[in-house]
Every structure is written in structure tokens, then in C-alpha cells.
Amino acid sequence: MSEDNILIHYEHYSQNMTKINFTACPECDLLLNPAEPVVGDKAHCPRCGYLLQRPRKQSIERTFALSIAGLILIFPANLMPLVGIKMLGGAKDGTLWSGVVTLFEEHLWGVAVLVFLSSILFPLLNIILSLLISGHLYFKKPNHYLAHWMRWLQHMDEWAMLEVYMLGIIVACVKLSSTSELKFGFGLYAFVALLTVAVMLASSLDKVLFWRQIGQLNK
Amino acid sequence: MKPKKSALNQGFIRCHDCGCLSKQTDKNSHCRLCGGRLHPRLPNSFQRTAALLLSAFCLYIPANIFPIMTVTRLGVGEPHTIVGGIIALIHSNMMPIAMLVLVASILVPLLKLLGLGLLLLNVHYRWKAHAKKWTIMYRIIAFVGRWSMLDIFMISILVSLVDMGGVAQVIAGPAATAFAAVVVLTMLAAKNFDPRLVWDNQ
Numbered sequence: 084m085s086e087d088n089i090l091i092h093y094e095h096y097s098q099n100m101t102k103i104n105f106t107a108c109p110e111c112d113l114l115l116n117p118a119e120p121v122v123g124d125k126a127h128c129p130r131c132g133y134l135l136q137r138p139r140k141q142s143i144e145r146t147f148a149l150s151i152a153g154l155i156l157i158f159p160a161n162l163m164p165l166v167g168i169k170m171l172g173g174a175k176d177g178t179l180w181s182g183v184v185t186l187f188e189e190h191l192w193g194v195a196v197l198v199f200l201s202s203i204l205f206p207l208l209n210i211i212l213s214l215l216i217s218g219h220l221y222f223k224k225p226n227h228y229l230a231h232w233m234r235w236l237q238h239m240d241e242w243a244m245l246e247v248y249m250l251g252i253i254v255a256c257v258k259l260s261s262t263s264e265l266k267f268g269f270g271l272y273a274f275v276a277l278l279t280v281a282v283m284l285a286s287s288l289d290k291v292l293f294w295r296q297i298g299q300l301n302k
Numbered sequence: 007m008k009p010k011k012s013a014l015n016q017g018f019i020r021c022h023d024c025g026c027l028s029k030q031t032d033k034n035s036h037c038r039l040c041g042g043r044l045h046p047r048l049p050n051s052f053q054r055t056a057a058l059l060l061s062a063f064c065l066y067i068p069a070n071i072f073p074i075m076t077v078t079r080l081g082v083g084e085p086h087t088i089v090g091g092i093i094a095l096i097h098s099n100m101m102p103i104a105m106l107v108l109v110a111s112i113l114v115p116l117l118k119l120l121g122l123g124l125l126l127l128n129v130h131y132r133w134k135a136h137a138k139k140w141t142i143m144y145r146i147i148a149f150v151g152r153w154s155m156l157d158i159f160m161i162s163i164l165v166s167l168v169d170m171g172g173v174a175q176v177i178a179g180p181a182a183t184a185f186a187a188v189v190v191l192t193m194l195a196a197k198n199f200d201p202r203l204v205w206d207n208q
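Quick note, the sequences are listed as chains A and B, same order.
If you count by my numbering, then the first sequence holds residues 84 to 302, one letter each, in order.
If you count by my numbering, then the second sequence holds residues 7 to 208, one letter each, in order.
To be clear, the hints were calculated from the coordinates, so they are not data collected in a lab.
Errors might be hidden in some of the hints.
As the list claims (entries may be wrong) - Derived lysine-lysine pairs resembling BS3-like cross-links, with alpha carbons at most 30 Å apart: (1) A/K140 / A/K223; (2) A/K290 / B/K138; (3) B/K197 / A/K125; (4) B/K139 / A/K290; (5) A/K125 / B/K29; (6) A/K140 / A/K302; (7) A/K224 / A/K140; (8) A/K302 / B/K29; (9) B/K11 / A/K290; (10) A/K223 / B/K138.
Whenever a hint applies, use it, and build me the whole structure from the sequences.
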């Protein structure tokens, strides 16, 4: 089903059910007529400039496909060594897990939990929730939990920090490069791929469209 | 610019989660689309942001005083604070990386504390000027917050990689916990601040 059809359905639904044909800007609360930008356009709030909606081509299908790709990539990225070093006769491999474990062993459990959440658990949950939501929307299966999942996904969004972790890897490697020999493992390539998929996933997921669809499915 | 009315002034409440508008009546305290609780503005936004910001400010001091990691080479331990780590990077001719760490772990947390503090003053004293610029500042603060985690992730990688007993070892220090708490608290403060409060004063 094309997105145009979805929009028509939604208008029909919104007139029958809610009888409110306005939206409001989330950052300045300006009452607006609902903008319906086409793919490639952006809708900005006229008062504060907030990006209201940026429709994507085949948002649901792409989100579905990308979350499957992410779910596959998350295993090598987590389990295989990211970077290995050789230094003064010793050699060591580092994975996402080993950092968390070492921090925990050094009794910095707060930092360990934070690193675990933001580099392992939240990215994983992000992808699982995207898969569940886009899967249900793609196959048009109503589910009582869709709204809950969508809400969790929105709250979890900013706590999944793969791109910051990537920058952390780069800085750590530059720091170590003068004193030791570095070896990039297969896990790092999987991690870069996972990061790319996660960024594409975030940009392909059109929240406005997803909420509309959820409202329509759970009617 | 002629004044435009906010949705709340006209009796509509926007759902925080799905963005659906509801009429402001006593009966519907839950959103009809997603079932989330409706609040005209984020509940206790000012107080929560102020409390989180104050805690973050207090923790910012130990985060900078105590060593964030101790680098041991051939049995000799050398504790580094956040600033010390940056100076060490400059001395070993890694200017770009030093600038990156400076921005992520010193400037960003500091500007966040300052910026959110100013936003709170703005709301409290009902400053009327430049609401759009304040909103843009809030948007920048909310966006850059997560990048401060750079230092924490870097330490997590270093402690797991450089672990050769007495020969070479990196041990994370007490400032790591304090700094991580500053990042989390400022992120929560930004999340709890409702930018619509700035526009309500117009």
C-alpha cells in the first residue's frame, strides 16, 4: 500500500474518531494545520523552526529491512574482537563486552552499567523494537502493545550511543598507536556496518507516519 | 510579528509521546491514540530540571579534581585527570584528538550546565526576547549531550586493552563515575526541560 493511501485513510479516521484537525509544534506549542509534506520535503514549524516531519520513501519497508540487517550485524559486532594490541610482548583483544567486564572488576559498577546500557543493551532493544513495530505495520497486524513499544523506542533513542562509541574507539586507537601495535578485528567492521545501519534506521523511521499507522491499526 | 496562539491557550493538549491533540477537559487524562497520560506541559519541568542540574553541577567538581584514569608503565603509575589527559595528548603532538576530547569532555558539559541554567532563568524571570534563539540553544544542548560519553567509552576500551599486569596497565579512577553521572544527569535535565515554557512567556 502506498503512503498516499495511508494518508487518505488517516484523514478519514481522524475526522471520524478525533474530530481535531490540528497539530501542535512539540517545542513551541504553536497550533498548526497538519502539514502533509511529500517525500523529499521537510515540514518545519513556522514559529520556532522545529522539524515536524520528514517523510521517507517506503518508511515502513525500509525500517523493517534495516532492523533485520541490524539484528544480524549486532552479533558479530558484540562477540568478535574490535581492536587488538601488541605491546611489550603481550597481546590482547578487546570486545564491547570486555570493557564492561573490566570496569566491573575494577569496582566501577556505575560506569560499567552505563557503558553496557548505552553500547550493548539499548542499541539491541532499539533494533528489536523497530523490527517489532515495523513488522506489525508491514503485515498489518494490530497489537495492543504497539503504542507501548513505540513510546519505549522514542525514550530509548538518545541513550543508544553507537556513534559516540565509534569516536571513543578512534580516540583510544590514536592514543595507543604511539606505544603499541594495533590490529583491527572483524568485529570492528561489523560494528561500523551496524553503526551505519543504525543511523539509516533512525533516519528512515518516520515517527509521524508510524503513529498514524498505529492509530489506524488499533482502531 | 503578530502574536500566534499556542495550542494550550485554545484548549488543546498535545500528547508527549504520539503528538496527537486532545481537547482539554477533565475527563480525558489519557491520549485517545496511544493511551499515554496527558499533561499540558512536562510535569514539574522547572523543578526537575533545576534539581538534576544542581546535582550535575556538584558532581562536575569531583569529576575534574580526581584522576579519571591511572596509566601504569613498567611499574610506575601516573594518574591523569580529564585536563591532564588533554595536556598529555597535546604534548605527544595529537592536537586534533586533544581538541576533540577538550570539546567533548570539558566544553560540552560546561556549556550544557551554563545553557540549561540560563534557560531556567529565562523561564523563571519571563524574559521575552529572542524566544526562537533560546529554543535553538535548547535544541543544540539536547543534541550534543550524548557526545560527552566519548571519554567514558574511551576509558572502557583502554582498560580492557591495556591490561598487561605491572608492565602496562590502565585503571579507571573515581572521576570516571562522577563524570559519567554528570553526563547522565545533564542529559536527563535536558530531557525534563520543556522548551514550550519559554514560549508560554511571550
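Structure-based check of all given hints:
no. : hint            : in the structure
1   : A/K140 / A/K223 : 18 Å, holds
2   : A/K290 / B/K138 : 24 Å, holds
3   : B/K197 / A/K125 : 24 Å, holds
4   : B/K139 / A/K290 : 26 Å, holds
5   : A/K125 / B/K29  : 27 Å, holds
6   : A/K140 / A/K302 : 25 Å, holds
7   : A/K224 / A/K140 : 21 Å, holds
8   : A/K302 / B/K29  : 19 Å, holds
9   : B/K11 / A/K290  : 25 Å, holds
10  : A/K223 / B/K138 : 40 Å, violated
Hint 10 from the earlier list is the only one contradicted by this structure; the remaining hints agree with it.
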